[in-house]
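**Student:** In the order they appear, the protein sequences are chains C and D.
Residue numbering for the first sequence follows the working numbering, beginning at 106 and increasing consecutively.
Residue numbering for the second sequence follows the working numbering, beginning at 106 and increasing consecutively.
By construction, these hints were calculated from the structure, which means they are not laboratory data.
Source: prediction; values computed, not measured.
Yeah, the Cβ is synthetic: ideal placement off N, Cα and C, and Gly gets one too.
Mixed in with the good hints there might be a few duds.
So, partial list: chain C residues that the calculated Cβ filter (under 7 Å) puts toward chain D [unchecked claim]:
(1) Asp132
(2) Val146
(3) Thr148
(4) Val155
(5) Leu158
(6) Met181
(7) Gly224
(8) Val227
(9) Thr229
(10) Thr234
(11) Thr238
(12) Cys332
(13) Pro345
Between beta-carbon pairs, the in silico distance windows are [to be verified]:
(14) Asn362(C) with Glu200(D): 24 to 32 Å
(15) Gly407(C) with Pro195(D): 31 to 39 Å
(16) Ser348(D) with Glu299(C): 53 to 61 Å
(17) Pro195(D) with Asp412(C): 40 to 48 Å
Chain by chain, the residues:
Protein chains: 2
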Amino acid sequence: MDEFGLIARYFAPLAKDEPGALGLTDDAAVLDLPAGARLVVATDAIVAGVHFLPDDPPADIARKLMRVNLSDLAAMGAHARGVLLAAVFPRGTEESWVAEFARGLGEDVRAFAAPLVGGDTVATDGPLTLALTALGTVDARGALTRSAAREGDDIYVSGTIGDAALGLKAAKGELPGLDAGSREALTRRYRVPEPRLALGQGLVGIAHACMDVSDGLVADLGHVCECSGLGARITAAALPVSSAARRALAGDPALINAMLAGGDDYELVFSAPAAAREAVAAAARAAGVAVARIGIMTAGEGVEISDAEALRVDLKTGGYSHF
Amino acid sequence: MDEFGLIARYFAPLAKDEPGALGLTDDAAVLDLPAGARLVVATDAIVAGVHFLPDDPPADIARKLMRVNLSDLAAMGAHARGVLLAAVFPRGTEESWVAEFARGLGEDVRAFAAPLVGGDTVATDGPLTLALTALGTVDARGALTRSAAREGDDIYVSGTIGDAALGLKAAKGELPGLDAGSREALTRRYRVPEPRLALGQGLVGIAHACMDVSDGLVADLGHVCECSGLGARITAAALPVSSAARRALAGDPALINAMLAGGDDYELVFSAPAAAREAVAAAARAAGVAVARIGIMTAGEGVEISDAEALRVDLKTGGYSHF
Chain C
106 MDEFGLIARY FAPLAKDEPG ALGLTDDAAV LDLPAGARLV VATDAIVAGV HFLPDDPPAD
166 IARKLMRVNL SDLAAMGAHA RGVLLAAVFP RGTEESWVAE FARGLGEDVR AFAAPLVGGD
226 TVATDGPLTL ALTALGTVDA RGALTRSAAR EGDDIYVSGT IGDAALGLKA AKGELPGLDA
286 GSREALTRRY RVPEPRLALG QGLVGIAHAC MDVSDGLVAD LGHVCECSGL GARITAAALP
346 VSSAARRALA GDPALINAML AGGDDYELVF SAPAAAREAV AAAARAAGVA VARIGIMTAG
406 EGVEISDAEA LRVDLKTGGY SHF
Chain D
106 MDEFGLIARY FAPLAKDEPG ALGLTDDAAV LDLPAGARLV VATDAIVAGV HFLPDDPPAD
166 IARKLMRVNL SDLAAMGAHA RGVLLAAVFP RGTEESWVAE FARGLGEDVR AFAAPLVGGD
226 TVATDGPLTL ALTALGTVDA RGALTRSAAR EGDDIYVSGT IGDAALGLKA AKGELPGLDA
286 GSREALTRRY RVPEPRLALG QGLVGIAHAC MDVSDGLVAD LGHVCECSGL GARITAAALP
346 VSSAARRALA GDPALINAML AGGDDYELVF SAPAAAREAV AAAARAAGVA VARIGIMTAG
406 EGVEISDAEA LRVDLKTGGY SHF
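Isolated chain C (complex conformation) (with noise of 0.2 Å):
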């Protein structure tokens, strides 16, 4: 099957909701925006052997890329209004893994209302290689950016997280001795993220700084507290992990290592004033989603881990309760 017959069978109908789109049988798309409405653009490619395993589930790909770029929205506080796709196939790529792709990519497409607007196909020697575009939307208060956070700010993490560094592991037979319904919760974290888009919204207004966790959580808040200017102190006792995480910690409490220091989890870390802990907190309730309260942002610059000490203890006794 051609290029052209490969859109108009897989991804054209995936184009159906947005008259924009001109069924992706032209040069661009055309879209409206609401009057008033600020452009949000965010790009995120992922290829096979780095960002997600080559014998992964089609579908599970085509979901991954689409959150890894719906996160980039939910960051700023955006709504989702579209994506563009730029896919490099290797030759020989089986039409039916691109049917299962597009499958996936659909049901996403529909779940967070983007259609897919345009598009590149292109078969080539290399691993596949995927480039999403996305499009979204805020309105004039604004979008939520890394580079807003204020000394004294709380800081919160959205959802669990490690889950996602435990389920790469997962996925590549690491954890043996983890229990099969655990492994299984953490690979799912790993290969289908939740892109925290309510979050973001309701948090527009509210948080100063906001980012998405997509390379380990010290990581991504070291990139905050750089864009502002400020750093943070957080309190290991305080992270929220899961209970399939607390089961893989329990077996191997060094684990705390990658979990922190990896991961792409796609919560949000974000800092507000402490007089904003109730309009967080009613936030998230309105999102469906958790908050845990995490450290403070300080006068100071990098990510300081109050009681790392006091964490390892916890954990090689098992007095890891709070995670």
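Dock chain D against chain C, hints included.
**Tutor:** Positioned in the frame of chain C, the structure of chain D alone reads:
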């Protein structure tokens, strides 16, 4: 040099004219569009060995990447607003290569007032793969599309046709009999196309259908036919051919097939009613681009070349002066 270093050193400077790019340090860009504007967006990926030669000059690869995408905006009659780059570099790419690539990209970013507003950088074992998303705007009169041709419309093409197909051959050393100056001119057209933004903008409200020539004139005009539910009849003798291409044809008349059937000239092929001939000429003059009237939209289907036989005869006898 790591990803953040590369971005800060070579790519962030290409974002400095757009405050909404946030210095490429945030999750996404936040852009204001003119009041009442519609967003036009396209994405195209180019891969080493497929769309360019691996040893092409890096600055030219950057320019081609920019221009093939801007050409999609031109085909819609849009104004460029910004671009996002997903760059997948082969592991071990020299920093000097990236520096040259960014230099070429930077020249075009400035030349076309299309700042870099976001992107992603990855290193893999595969071939150099570059995906660019171009953002543009059209005003309330709307965008040109492929599907708006009407029966009886004149068919026009801008610039000259077939240079890029010959330029690829020249770059591969397949036109050894041609003079060096012509080879260089054709290679230049292959490597660095000229997106016809001003012409496309000038044609809004005048032309009916429009698209850019990226798969060869006959194939792309065929897309206009298909999308418009019409046929096209063109006169080979009316096709605009550069003096360099004319010299190549003198040596090998069969090259006309490659010139018509293949080649990414990134000229505009468009249709307009006969009553608009003066308006088309005025738009072309204002844009500083020649346009040639090459045929007519018919009630049939597909692209018919009315004087293909005459063409071949003319070419063989050297009587190809209209080219």
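**Student:** Please flag the earlier hints that this structure goes against, numbers listed from lowest up.
**Tutor:** Per hint list: 5, 13 violated.
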